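Novice: Here the protein sequences line up with chains A and B, keeping their order. Position in the first sequence (from 1) plus 133 gives the number in my numbering. Position in the second sequence (from 1) plus 277 gives the number in my numbering.
I should point out that these hints are in silico values taken from the structure, not numbers from a laboratory. No experiment lies behind these values; they were computed from the predicted model shown. Don't be surprised by glycine CBs; every beta carbon is placed ideally from N, CA and C. Treat the hints with care, as some may be off.
[Said to hold, decoys possible] Beta-carbon label-pair distances, calculated as ranges:
#	chain 1	residue 1	chain 2	residue 2	range
1	B	Val344	A	Ala166	39 to 45 Å
2	B	Asp454	A	Thr136	46 to 52 Å
3	B	Ala313	A	Leu499	45 to 51 Å
4	A	Asp357	B	Asp464	55 to 61 Å
5	B	Asp454	A	Thr410	41 to 47 Å
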Amino acid sequence: MTTSLRIAFLPLNDVAVLAVARERGFAEEEGIALDLVRTTSWATLRDRLVYGQVQAAHMLAPLAVAVTLGLSQQPAALAAPFKLGVNGNMLVMAKDFAAALAPDPAARLADPLGTAHDFAAAIGLWRRKPVIGVVHRFSSHALMLRYWLASAGVDPDRDVVLRVLPPSLTVEAIHGGEIDGFIAGEPWGSAAIDSGRAEAVAIGERIWQRGVEKVLAFRENWLDENPDTVDRLLRALARAAVWCDEPGNREALADILADPRYVGQPSDLILRALTGTIVPRAGDAAVSSPDFVLFSREATSFPWRSQALWIYSQLVRWKMAEPSDETEAKAAAVFRPDVYRRALAGSDLPMPGASMKLEGAVGAPLGVGSRKGDLTLGPDRFFDGRVFDPERIADYVSGFSQTR
Amino acid sequence: MRIVIIDDSGLRATVLEEGLRDAGYDDIHIVPPRGAFVARLERMAPDVVLMDLGSPSRDTLEEMLTVSRALARPIAMFVDQSDEAMIGAAIDAGVSAYVVDGLRKERVKPVLELAVRRFNAFSRMQTELEEARTALADRKVIDRAKSILMNQRALSEQDAYALLRSTAMNQGKKLVDVAQALITASDLLGGI
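Using the sequences provided together with the hints, build the complete structure.
Specialist: Spelled out as structure tokens, the structure:
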């Protein structure tokens with residue numbers, strides 16, 4: 134029997150796993166007819182999920198936590214048993230703003246700490262606050278950008294203006310001078326660079342080497358009431374993710390995503406991020422960044438509870454959420470490693486033995502305890518060298534220098 | 278009650294505005310979701326904001342509603358969060374509504390219901406327009422195929438049409454597809 138599932142998404146490269154599950158027949162093999170619903174704003178995606186117009190959504194991990202904590206409109210308990218990708222973002226700035234930074238954009242990308250300080254030093258040179266576009270208040274992009282700015286003493290709520298705008302309008306906004314830069318998922322940074330108006334300033338992977346990005350989010354009660362369907366979907370997605378990570382499939386993947394039903398941008402632009410060859414300035418040589426985006430290897434899809442808690446720590450840090458034991462427990466419960474384990478128990482994927490880990494503690498590829506198969510975790514450092522211990526969140530938050 | 282419609286489709290906004298005026302609302306403003314629309318909206322201090330659910334600028338609007346000092350009151354989407362049927366209808370129709378808290382829901386509900394009806398009417402209009410356009414394009418293709426047959430096979434217009442139709446029926450294809458195939462073949466062979 135075939136089950137129909139409606140899943141909402143936004144046109145971004147990291148819809149890859151969902152698109153491939155449908156286009157290459159992985160969902161069908163599990164008896165699932167996937168109906169992927171393209172939406173243009175996170176607000177609409179959230180409403181479709183919360184009000185049951187779709188059963189699942191390609192969602193910003195911090196948004197899933199925020200909706201559950203009641204910080205966004207329409208509070209609802211969401212559950213994320215699967216991560217759709219790791220990394221994949223790029224910060225770009227208009228040429229006149231980038232001119233205050235290291236002249237070689239490749240050097241900027243290699244040294245995020247130095248670049249943050251260069252940017253901080255330049256803020257006073259401009260007669261107004263720089264305006265930087267982010268895709269949503271509750272996005273990993275916004276949290277990563279805030280982390281990066283604050284490391285150089287910039288108060289993101291005081292010294293710059295963070296403006297929320299949809300990825301599809303970023304290039305136009307930079308042309309019109311409405312924003313001086315933006316951070317977004319690919320291919321939007323590359324599109325702005327190709328237009329000749331912007332240059333790469335930082336890539337997500339150099340800020341946090343294994344940053345949490347999009348998750349597959351369900352309403353918690355629906356997830357709990359439909360275990361068989363959820364399991365079949367997760368198995369299909371896990372196989373699709375392996376397919377996406379296969380280097381030989383990258384061009385075919387770029388072609389799938391280039392279709393107007395998905396991203397609707399040129400496939401060669403999309404291919405850059407997928408292969409980790411970033412062109413930081415129009416006409417410059419490409420910079421290699423092999424971990425620019427991950428779909429499957431190193432148990433990418435596994436929803437580490439410690440990552441949901443890192444998001445919580447940042448919401449507390451920026452005073453978007455009140456710290457409490459109850460809030461912390463609710464945030465941690467959004468990520469559902471238990472469901473991931475149940476669904477993929479019969480597969481040959483390596484299964485992490487734990488559900489939490491220190492975030493930012495792995496400096497070089499590390500073999501770790503796994504119930505099955507060999508699991509190697511890649512380096513997951515934050516660029517400032519801090520380590521997040523999910524057992525000691527209050528200490529972590531108070532360890533950041535207060536910028537105000 | 279001041280109502281702001283955020284929309285860059287002139288026609289849809291007009292359809293909605295007309296409906297609201299007929300229902301007796303007269304303080305209505307249309308703002309396209311471009312550039313500094315947030316600042317304009319703040320100055321207007323609306324009671325109700327209506328927006329197309331498909332607009333990519335919804336996140337920008339929500340952010341403004343979250344942080345705006347001018348509208349420093351809690352904002353709720355939709356009229357009554359418990360009225361799921363109404364909300365479902367609104368999402369299906371493509372309407373998103375933001376209501377400044379403190380406005381009685383009895384006053385807002387008719388506005389939202391009307392918006393849903395008008396958005397539905399607008400999408401029907403769009404569909405009909407699209408169908409009419411397709412029909413016109415199809416007729417042009419069929420006319421061109423007929424003239425090819427008339428020239429090449431010396432058929433009357435009626436016979437040319439009959440031949441196209443019987444071919445389509447025999448092959449189980451749409452008439453317009455057969456006509457298009459004929460045109461393509463004729464172009465390739467250097468016909469007219």
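Novice: Indicate, hint by hint, whether the structure satisfies it.
Specialist: Cross-check of the supplied hints:
Checked against the hint of 39 to 45 Å, the C-beta distance between Val344/B and Ala166/A comes to roughly 41 Å, which is consistent with it. For the hinted restraint 46 to 52 Å between Asp454/B and Thr136/A, the CB-CB distance of approximately 34 Å leaves it violated. For the pair Ala313/B and Leu499/A, the supplied restraint of 45 to 51 Å holds, since their beta-carbon distance comes to about 49 Å. Taken as a hint, the range 55 to 61 Å holds for the pair Asp357/A and Asp464/B, whose Cβ atoms sit roughly 59 Å apart.
Checking the proposed 41 to 47 Å range against Asp454/B and Thr410/A shows it holds: the Cβ atoms sit about 43 Å from each other.
The structure fails to meet hint 2 from the earlier list, while all remaining hints are met.
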